[in-house]
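Given the sequences, and given the hints that come with them, work out the whole structure.
So the sequence lines, in the order shown, correspond to chains B and S. Residue numbering for the first sequence follows the working numbering, beginning at 1 and increasing consecutively. Residue numbering for the second sequence follows the working numbering, beginning at 1001 and increasing consecutively.
No lab work stands behind these hints: they were computed from the structure. Since this is a predicted model, take the numbers as computed values, not measurements. Any given hint could turn out to be false.
[Stated by the list, open to error] Which stretches of chain S does chain B cover? Using the computed rule of at least three CB atoms under 8 angstroms from a CB of chain B, they are:
hint, segment
1, 1049 to 1055
2, 1079 to 1093
3, 1102 to 1108
Even glycine gets a Cβ: it sits at the ideal position worked out from N, Cα and C.
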Amino acid sequence: MSDRATPWLAIARYDAAGRARGSAVATGLLSAFLLLFLAFFPSLATADVDLDAYVEAFPPALREAFGIIAISSIEGFLAVEFYQFAWLLLVGLYLAYLAGGTIAGDVASGRMDLTLSAPVARRDVVIGRFLGLVPLVVLLNVLLPIVAYVGVVAVGETIAVERLLAVHALAVPYHLTCVALGVAVSTLVARPGVAQRVAIGALFALFMFESVVASTEFSAAADVSPTAHYDPSAVLVLGEYDLAGAAILTAAAAVLVALAVVRFRFADLSG
Amino acid sequence: MPAIECRSLSKYYGDVRGIEDVSFAVEDGEVFGFLGPNGAGKTTAIRTLLGFLSPTDGGATLLGRDATDPVESRRARERIGYLPGDPGLDRDRTAAAFLDHQAALRGESSRDRLVERFGLDESRRIGDLSRGNRQKVALVAAFMHDPDLLLLDEPTSGLDPLLQEEFAGLVRERVGDGASVLLSSHVLGEVAALCDRVGVLREGHLVAVESVSDLRSRGGKQVRVRVAEDVERGDFERRGIMNLRVGETVSFTWTGEYDALIDLLSGYTVRDLDVVDAPLEEAFMTFYDGDVPGPVGGERRRSGGTTAAETPSDSTAAPGGDAE
Chain B
1 MSDRATPWLA IARYDAAGRA RGSAVATGLL SAFLLLFLAF FPSLATADVD
51 LDAYVEAFPP ALREAFGIIA ISSIEGFLAV EFYQFAWLLL VGLYLAYLAG
101 GTIAGDVASG RMDLTLSAPV ARRDVVIGRF LGLVPLVVLL NVLLPIVAYV
151 GVVAVGETIA VERLLAVHAL AVPYHLTCVA LGVAVSTLVA RPGVAQRVAI
201 GALFALFMFE SVVASTEFSA AADVSPTAHY DPSAVLVLGE YDLAGAAILT
251 AAAAVLVALA VVRFRFADLS G
Chain S
1001 MPAIECRSLS KYYGDVRGIE DVSFAVEDGE VFGFLGPNGA GKTTAIRTLL
1051 GFLSPTDGGA TLLGRDATDP VESRRARERI GYLPGDPGLD RDRTAAAFLD
1101 HQAALRGESS RDRLVERFGL DESRRIGDLS RGNRQKVALV AAFMHDPDLL
1151 LLDEPTSGLD PLLQEEFAGL VRERVGDGAS VLLSSHVLGE VAALCDRVGV
1201 LREGHLVAVE SVSDLRSRGG KQVRVRVAED VERGDFERRG IMNLRVGETV
1251 SFTWTGEYDA LIDLLSGYTV RDLDVVDAPL EEAFMTFYDG DVPGPVGGER
1301 RRSGGTTAAE TPSDSTAAPG GDAE
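Here's what the structure looks like:
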């Protein structure tokens, strides 16, 4: 007994270790992506065009979708070009995709049989697989603000550090919700490839739904989308921190993991 | 207390029958074999016992604990080792990382000894290992916590004959230390070599349970004899002789007493004589059909499904390559 670790912790650790290389690559690519956009900023800022007037002419749904408030400041530029797109959409979808393959993938490959032939509760597997993706979320949101700051300084600009930190701190609950959504889908859909696509599709559909209804009279309905509770533009451009949104997302993540536990508890492992 | 007790266990996948009304017990210290063609329900039975599938009906206990109750089952699994025929291993992790993980979940009192015994290089990526070596990794994981009950599902598929022998030795050692074993196979020879009793599964039903020694004694003897005299086929066509072939040597399956055989041969000048246990397949098929020993591949009384092709037909060859 004494040489056995807590199962959920052991599963999370093993899973995270297996993702180490992929996590490093993802972090590297996103850093490169961020620096590439930052490198464009000086020429954009000095160009003789009124970008804010340009984006003002966009349809409201498009502005809503990409959180476009202002684009000519470094904060607005980063928000639109990087955070709204890469952090909200790209990383969110990527995490949902990874999480979508967890439980379903283990069951389909027979790995789950080996795990559950040990004295491990089904609950521990779900929680462990969820937590296994947390290091990636943390890594991204700890390293990227540093990369962003260095990049901004390198192009000769300044940025409010507090806002930069906040946009990442508030991203954590959002990203965890994306992971939890994927894990939940992974317990509902048997085939891992399908589960991954369903997880991506669900998150993207929610994002689209939010974008469309936000500028209509049914805007309250947009709240069902996780993307409604994380607004990088508001954080970076306006300095508005949606703490209630973060709380909602944290609760949503917990509920989704709980649903996955309930669903997986009595499920047949038919790989 | 039996190591496994299965009471009318049934598992349907929707309308598709996995197993139906399977009842048997594996006594403490016993090696029990599940025998049957692929798709007979062997894997379903084992996975239901382990709680991977919830039974449609019936119940089971493992080491005295209710296998259908998640908490009880988990307690039982502390002392269970499980080896699937085609284990799901993480190909992109090293054997060491995988075994570390398994050890964290179940303990590793015998890990080092097993790794050394099987000559496993733990530093290699599992995906880079041969099929046999991958099976060794799973084997170490199944045995490294010195389990009291082993559930082995087609355990030697993919193992070369040498390793099969090594594996059999390991199973016998665990049994010697008091462990009980449930082993499934579609290869009769494998089951016969290791098991005390065999349960025959067919189309989801446990159609018979027989002790291996009974099965053997029923199978008769394979006799090959070369005599100085010229022999006619008619000389040997008598009760108790099956599968008669008359040529330079005379060969047949003898199902009577030894004395009668000696009487028969005493009429000849015997140049060469070879008497061995008839291949267990014949005994098995005989038994399977509830028929007296008859020529293999001959007409079968049973109408439903048993054909020579479905029934294990090769106990000596390595079973690799035709696993599910």
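Legend entry - Violated constraints from the hint list, given by number and in increasing order: Of the numbered hints, all hold.
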